[in-house]
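Dock chain H against chain L, hints included.
Protein chains: 2
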Amino acid sequence: MYKKEISKAVINRLPRYYRYLGDLLEKDVVRISSKELSEKMKVTASQIRQDLNNFGGFGQQGYGYNVEYLHAEIGKILGLDKKYSVIIIGAGNLGQALANYVDFERRGFFVRSIFDINPNLIGTKIRGIEVRDSEILEDYINNNQVDIAALTVPKTKAPQIAADMVKMGIKGIWNFAPTDLHLPKEVTVENVHLAESLMKLSYRLSVRETPKE
Amino acid sequence: MYKKEISKAVINRLPRYYRYLGDLLEKDVVRISSKELSEKMKVTASQIRQDLNNFGGFGQQGYGYNVEYLHAEIGKILGLDKKYSVIIIGAGNLGQALANYVDFERRGFFVRSIFDINPNLIGTKIRGIEVRDSEILEDYINNNQVDIAALTVPKTKAPQIAADMVKMGIKGIWNFAPTDLHLPKEVTVENVHLAESLMKLSYRLSVRETPKE
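Line by line, the protein sequences give chains L and H.
Just so you know, the first sequence maps onto residues 1 to 213 in our numbering.
Just so you know, the second sequence maps onto residues 1 to 213 in our numbering.
For reference, chain L alone in the conformation it holds in the complex (with noise of 0.2 Å):
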């Protein structure tokens, strides 16, 4: 299907606009054009109107797009018309905050369980959701459905557990631990790496302090 033929840097692009039809649809706009669209997002309209081509335009010449046609189809590109089933392994800060974010429920992604070594911390709830004993992770993994493992602990810690969990039978990791994850290419690894983030700001601020010569 289409699918396979979109560049990289589109689908880069996807989320965000929509994010932004998200935001149209909330404030019920029911149409928009290129145009607005372009002032909106700052891209160019004819940027718009070419990765919108990519999958069949959507627009039509007079009308621009249907919000909520645009939306709903997008979100079905990015696989957001499915539900994925979410488990987090480090219920520190990071976890916990990935735990506590309504909006990823909003799209599709149900955080069910979350497991950590502490005990101080396993049995406790985290927005309703239990706290569980690393050491059960297998157990779990056989016996419920996850899509999606996200890794928030030490990046000396990572490489091992993601490992196993890919012997467990985990395709897809949302990898937040600063190190990179060499695994089988039928693994689907997610980086944040947020010091590297932090870095291209420090990047952008040491060059503004730079006086031109």
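Everything hinted at is true.
Note: identical chains are not told apart, hence a pair may lie in one copy or across any two.
DSS-like mimics (lysine-lysine), calculated; alpha carbons at most 27 Å apart, straight line: (1) K157 - K42; (2) K185 - K76; (3) K35 - K200; (4) K157 - K200; (5) K155 - K42.
No lab work stands behind these hints, which were simulated from the structure alone.
These figures come from a predicted structure and were not determined experimentally.
Using the frame of chain L, we list chain H on its own:
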């Protein structure tokens, strides 16, 4: 200086080089060839040589790279030879996670204060860092050096808070709110959009599930 000429793609790769070299340093590795670095990083050796040639090379024929020197030089390019005073706006789980992340300090980012409007949080401390009333934010910024404000507040509030902080003189914003901030050009904004990262993961998972036709 050379900083002006470097492509964005190279800049985006630098934090990763910095991270790998830091890991090697921790393991007391003194030097590494581009071939070895290439195998570790899963990037071609020629890509590595090309990237590092942007900064005058650093490598010596037949010797490879001096890990400590290269780490320090890339650190300088990234602005990591300076210290940054950071404040966090929003003392929720995510703000607390950032405040607790000691690794940032090792790289020169010091969290000086956290601000929130919640009376239950004001006056508490996170890793010794006081949570202050957002009411006194302007006063604080007027009397203290602040290089970076991390914004971990709801998306409905983020644009106004960011605009206010810019008026108070803030030049660097690390934005975690799921919204784009449209601020004057002299302000540097680095976004971490978690929901968009999750959507990229679901896209890649759903493409894999789709049978090829």
